[in-house]
Every structure is written in structure tokens, then in C-alpha cells.
Amino acid sequence: MNELKQYFYFLIIPLIVIAIYFLNPADIFVNGNELSFVSILISCFMIEYFIQKSKNGEDIYLRPIPAMKAMEEAVGRATEMGSSVLYVPGIAGLDEIDTISGVIILGHVAGMTAEYESDLHVPCCVPIVMEAARESCKEAYLKKGRPDLYNDRMVHYVTDDQFAYAAGVNGIMLREKPAAIFYQGKFYAESLILAETGNSVGAIQVAGTGSSSQIPFFVTACDYVLIGEEFYAASAYLSGSPEMIGSIKGQDYVKLLCMLFIGAVFLFSIFNYFEIFTFDMMTLFKINIEGYSVN
Amino acid sequence: MFIKRQLAIIVMMSMGFLALSGYFLNFPTLREFTDKDAPQWYMIIAGFAAFLGCVNLLQLHIQKVAKKQENWQYSIFTLLGFLVMIVFGFIYKNVDAPWGAHLKDDGSAFYWMYNFVYLPLGSTMFALLAFFVASASYRAFRMRNFEATLLLISGVLLMLGRVPVGAIIPWWVVLFMYISFIFAIIASKIKDKRIFFISFLSTNIIGLVLGTQLKWNITAPLFLSIPSIQEWIMAVPATAGSRAIMIGIALGILAQSFRIITGRERSILGD
Amino acid sequence: MKRFFTIVGTIDRRIIFLLIGLSVLIPLIKPNWLELPIKIDNNTQIVYDSISGLQEGDKVLLSFEYGASTKPEVHPMAVALLKHLFAKGIKVYIVSLWPEGPIMAKLAMDEIIASDLFNIEDGKDYIMFDYKVGGSIVIKNISDDFRGIYKQDYNRIPIEQLQIMEGVYSVEDFDFVFDFSAGVPGNAEWVQYACDPKDVPLSSGCTSIMVTDAIPYVESGQLKGILAGMPGAAEYEKMVYDYLTNELTNNNEYINENASITKGKAFSRMSAQSVAHLVMVIFILLGNLSYYYQRKRG
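Protein chains in written order, with numbering that gives the first Met the number 0: chain A, 0 to 294; chain B, 0 to 270; chain C, 0 to 297.
Only chain A is shown next, with the shape it has when bound in the complex:
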């Protein structure tokens, strides 16, 4: 019965929704957006399916990510050396998923610093991120039963400007000489400046970003790096909750679907080249949303 329910929920319902979208009764849906809709629907239901499976007790294996284990080591090292932990949450605002992930990981790192009783310093580039980071740190310290160790001056605003922020953080690194530095968020060109300065003060550095162009710089200068989607999975990894871990598995299956699609397009392009088929697959992937005029 349970299986029937799952079958209905994860297969029949999406098909019904897709059918309604394509039939488009009373023109309630935007035309030209079918590909996005189907992709998002399939992805969401797939992720939800694995979340449910995980909640029902299925054991899901996550490969160990060295950078995640290194976070606790880094905080421990800072405690042993009597030095502080510097956490850089990136230079973007809260509208970026990278920053949200960074603030989530900050909560976990703050929990570790509360437990180990080491100093935490979080310079922020955007005021609204400063507020979110403060909340995250405060809650983490409260949960660990050490609200006495938290003070607002731990998390402060530096400046909005990219390179002025980099200069400010560099100054903090050179003066305070933290033993552990975390770069978790959205970074642009200033990433190498920060990472190299951190390297010069001898700190252990753990980086994580979704900015693909900055990953090589972090890989070069940092000890551990969360590359690409490892960074987004980190919050789920750290929490250990079945729901979160299930979503990572679902994400992996969506990636598998993408790979199958790429393979199919590749095959079709070969068939088209040898004129076995003449169907242009590219037309399927064109998004032509009908505009609307504003009065």
C-alpha cells in the first residue's frame, strides 16, 4: 500500500501536472516555458522522493569530503595555539545562495568555536549579511550553552567595496594572525589576495565557493577546498539530518539524468551528421517566453 502511495505521489501526480501545463486551460500558464517547468518539476519530485526514502530509515551513503573533516581540525588547531578563527562569508548579499550556504556553515563553525572556547571573528561585506551572521552565531553559542562567550563585536561590517573589504580582511589577518581561516561564500577577484595573505600568516585555510572561476585560486592557496556542489551539500553534511542527506542523493540522481540527456543529444547530433535523423534537438532546448506589456 505504501509503495502504491509512493508510486501515485511521485509518478502520477507529476505526470498530471505536466499534462495540465501542456494543455494550458484558460491560458493560465506562460507559453514557451515548458522545458524549464518540466525540468524543475522532475528535479523537485526526485529530490523529494529521496528525502522521503531517507526519512523512512534508508541508509544513504555520502562520500567523505576531506574539507568537512578539516573544519573541526582547524578550529581545534586554533584553540591549541590560543589564536582566533577568522570566518569570511564572502562579498555578496543574501540574495546569493552562496552567501546563504556560507552563513549556514558559519552556524556550525560558531558551534565548534563555542565548544572549544576559541575566538571567532567574522568580518562582513554586506550589512544585511552581518545581521544574518550575528543571528546564526548567537543561536549557535546559545545551543552550545555558552552565550557568555558571544558578543556582537565578533561579527561586524567592514565595507561594501570589494577591494576595500579585501584590504580590511588582509589587515585583520596580518594583525591578529588567526590560526584557522574559513572562506565560505561568494568570492570574486579578491579571493587570491585573501588566500595568499592567509597563507603568508601560516593559517590553515578551508575554502568553499560556488564561483567556479575562483575555485582554482582557492585550490592553489588553501589547504582544503569545497569544490562546486560540495559547498552546497556542506550544510546538509554538517547537520547529518536524514532529510538533508536525502536531498543530496536526489540531486545526484538529477545529475545522472542530465548526463543521460547530454549523451542523448550527442547521439542525435551524430545521427544528424550522418543524416540518419533530421530532427534538430536544439529546438527542444530553446526557451522563448512570450513577453508581456506593462501598462
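It is possible that part of the hints are untrue.
What the hints assert, rightly or not - Below 30 angstroms or equal to it, Euclidean Cα-Cα: the simulated DSBU-like pairs (lysine-lysine) are: (1) B:Lys67 / A:Lys176; (2) A:Lys176 / B:Lys66; (3) B:Lys190 / C:Lys295; (4) C:Lys87 / B:Lys103; (5) C:Lys105 / B:Lys103; (6) B:Lys103 / C:Lys58; (7) C:Lys197 / B:Lys35; (8) C:Lys262 / B:Lys35.
Stated by the list, open to error - Coverage of chain B stretches by chain A, computed from C-beta distances (three or more under 8 angstroms per stretch; other residues unrestricted): (9) 128-135; (10) 165-171; (11) 239-245.
Just so you know, the hints here were simulated from the structure itself, not pulled from any lab data.
All C-beta atoms, glycine included, are put in the ideal place defined by N, C-alpha and C.
Assemble the complex: chain A is given as a structure, and chains B and C must be docked to it using the hints.
Quick look at chains B and C alone, frame taken from chain A:
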């Protein structure tokens, strides 16, 4: 507690679904809300938050100066710079242009400070990257293993290929590099050093003679031209890697957004 | 010899900084000491051919998305492109999605006007719009309803009063879009929200760091070539310089007869970049030799 937790989650979920629906549902009011009103609300909140940031900045540095904490002297410069820009941006304009437009007027003090103070400072900070790239490359591009060697070779080829000096490197230097690479791979198979050296030398000589015969000194083939190799590296392996990482990141964002919109990601609220 | 390589392997980073600094400074101060021929990259050629394919009277939208820190890399390509466009009698529409964008656009236009190459008039040959907050949302609005978002130009003249704005309602009314980007929003957002859905040709000039992110769009044809950092700017400057010199001798109606054509800043900086790259490569090779000897020693 309700406001901090449950209400926050409800607002997060409803705004997420609303924004997503605006992309698929054909209701002009909804689309106008998601395309115009919602971003403007965000900008207004961010604007107030900027004010908050300024207050925090002033608070921190005034406290440092007042209590003469460590390095308090630098805070004076921060406060001075902040006040000077505020004065010329909001209080005093030394030109006839309207408020707001005076920021871009050639004769205004604000524009002068932007052009002659802020602009050189920004450029200088970006220029620091050149030094850091040099020291990072020097440290990181070491032949520790096969992957590191590949990284080294492609890094060197790209660095030379992107600048005019790459075009003047002759074909026989590139040929020498290829032969050296092949011999580096098979080096462990040849035990006798003399045989290794003789075969390496003779391969290079044969290559040189062959190249001269084929008139490569006049028109070098593409695989012996560093700029062409650089273009191929950018067009094929770099693009492939970049695409793969982009797809991975996009899926990571999708899953993260799904967790946030469905209210499962509560750590951002401190839960 | 081994001692030399051992010393090189443990060299103080400040010596590396000093040598890099000198390798950049000396060619900048004395550019005539080293003049290297510039080889045109395939992607730069595609950009040049795309712009060359435009006709007199075509409308090109330029988006300025860079600031002070990236000005040395991106600004020269903006100036070169503006020269190319004005020499062909193309109408230029300038928008800015970064707060510093209008200032950068103004500096570029001031350079063009000061060069006295063209007789261009604000509101007739080109139009500039002020900075709009919103990033990718602004791009989406430009894509659907240009006049809904821009009611007046940089000089606060209502757009209905400007001749150049006739027939411009959305991004589809432009013949080409060119984006100068140094971050977000940038070329990816233009591809995603405006040019690819509406099938408007798009190209971009960006910092070297951003090229790896943009290259998938170039390979798929969504971006018509790309000007990659300062080398791209120098290549484009050279091509535009050759074009303008040729057009001047052919009595191009848009170029002033007595104007003097200069090569541009990126061109003169390429020798500095070449030497700096060469010095870095030499250090990398020396570092590897030192590493090899140290490993051999045990």
C-alpha cells in the same frame, strides 16, 4: 519565538513559491510583483541595511578611538574618509549641477575624489593580484604527480599563449617540449641512462631536420604554435571542465533552493 | 648548481614580488624597448567580424558593468569598440548595471569626444542612461520593456523627445548587444535573460578571470566571440586602429579628416604583460628544478 521561527519559515516558503509561480503563471499582476515589486522591496530593505552597516561602522571605529584600543589611529582615517564623502555627497556641492547629478560632474569635489583617490586605490588593489598570482604559481605549480604536471604544462602554455611573446616562440622549442614530455613519461622504462640520453638527443635532431624539410620554419603547423595550443586548451578541456562545474553548481543551487523553499533548511534562522 | 637550485627553491616571496614589479614597470616606462607583434585570437576576430557586419544606422546596446578596479583591463576595449561603432555610423545606446558604470561610460565617451575623431551628438548619435538598481531584473526588463524602465536619459531629457529612441521598445529592437563585464551582473545574465531568449546577437568584453566562465557560451554560439582581458583589448585596439587608418585614407564620412588616430592603452601595456608572464614562467621552471633536486637529495 513564533515570529523568529514559524513566521520566518512561513514568509520564506510563501515568498519562494510566489517568485517561482511568477515565472510560470500567466497573471500580469503576479509577474509584475515578482519582476518589479519584490526586487524593489529587497532594494529598500538592503538600503536600510546599508544604513545599519554605516551605523555599525561608525560605532565600531568611534569606540576604538574613544577607548584608545589597539591601532585606534587608523580608525581616525576611516572616520575622516567616511565624513568627507558624506559631506561632499549629501551636504555640500561645489558645482551648479542638480543633487545626484553633481556626483558625476567634472568640477565636483566628489568626482575629483572618486577619480584621483578611489580609482587609483581600487586599481592598485586589483594590481596586487599580479604579485599574488606569481607567488601562488611559484608555490603551486610543482611536478608532484601526473595531474600536477598537467596543470603545470597547461598553465605555462596558457600564460605564454595569451601574450604576444607566445607567438614569437619558434616551432622547434614547442617540438622540444613535446619530445621532452614523451620521454619524461617513458623515462622509467629505460634503465640505461646513456641509451636514454642518446635516444632523446637523436629524436630532437630528427625532429629538427624533419621540420626544416617540411618547411615548418616558414609555416609552422597549428600543433607547434603556442597561441593555437592555448586556444585549443581554452576551447576544449577548459570549456568542458567549466561546463561540468557550472552544471554541478546549478544543481547544487537547485537542491539548496528546494530545501529553503520547502522550509527544510532552517539553520539560517539559527535552528 | 645544486646549491643554486636549493636557494631558488626557498626564495623569499618579496624577491619574486620585486622582480615581477620591475618586469611590469620597466616596459611601461620604456615601451619602445620591447615591441612585440600582436597575434589576433580567434575569438577577438569573431567579435571584430560581427561588428564589421553591422550597417550604418544599426542600433547597438552597450552595457557598462565594470568599475575602478577593473578599468585598466576593460576600459580600453570599450573605447576601441566605441571608435569602431562611430566610424560605421552606428547608433550607440549606453546602459549601466553597476553603480560605477555611468562614470566609466562617461570617461569612455569623454575620451572619444576629446580625440576629435568623430562629430557625434548626444541624443542623435548616442544616448546614455543612468545606473539602474536590480542587476538581472533590469536586464529582464530591458528585454521586455525598455521604455518601462528608462523614462529619461542621462541628461534628464524624456526619451520621447529624443530622435534616437524612435523604434526602441525592447532588446529585440537592437541589432547587437555588447556587454563590458567584470562580475555580476555580466555576460551570463545577458545571455540568460535577454539575448538568447530573444535571439539578439550578443558579444562581451570581460576580465581575463571571467573568461573561463564565459567560454561555454562562446563555444555554444550564444556569445559571438569574446574580448578576453587586456590581451583581447590590445588585439581589438590593433584591428580598430588598422581599420580607422584605412578608412581615413578612403575618406570615411564619419571620421574627421584632420584627426589623429592613436593605438590605445592596452596595446602599449602588452609588452609589460608579456615580460611579466615570461618572468613568472621562468620562476615556475626554476621552482620545479629546485623541487626536483631537493627530492633527489632525499
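Results for each hint:
1. For the given pair, lysine 67 of chain B sits about 21 angstroms from lysine 176 of chain A by alpha-carbon distance, which is consistent with the 30 angstroms threshold.
2. For the proposed pair lysine 176 of chain A and lysine 66 of chain B, the alpha carbon gap of about 23 angstroms is at most 30 angstroms, so the pair holds.
3. Distance hint between lysine 190 of chain B and lysine 295 of chain C is fulfilled; the C-alpha atoms sit about 17 angstroms from each other, no more than 30 angstroms.
4. Between the alpha carbons of lysine 87 of chain C and lysine 103 of chain B the distance comes to roughly 29 angstroms, so the proposed pair stays at or under 30 angstroms and holds.
5. Annotation: proposed proximity of lysine 105 of chain C to lysine 103 of chain B holds, straight-line Cα distance about 9 angstroms (limit 30 angstroms).
6. Taking the CA atoms of lysine 103 of chain B and lysine 58 of chain C, the gap is about 26 angstroms. The hint holds against a cut of 30 angstroms.
7. Between the alpha carbons of lysine 197 of chain C and lysine 35 of chain B the distance comes to roughly 20 angstroms, so the proposed pair stays at or under 30 angstroms and holds.
8. Between lysine 262 of chain C and lysine 35 of chain B the CA atoms are separated by roughly 43 angstroms; this puts the pair beyond 30 angstroms, and the hint is violated.
9. Counting residues of the region 128-135 of chain B whose C-beta lies closer than 8 angstroms to any C-beta of chain A gives 5; at least three are required, and the coverage claim holds.
10. For the region 165-171 of chain B, the proposed coverage by chain A is not satisfied: 0 residues have a C-beta within less than 8 angstroms of a C-beta in that chain, short of the threshold of three.
11. Counting residues of the region 239-245 of chain B whose CB falls under 8 angstroms from any CB of chain A gives 3; the rule of at least 3 is met.
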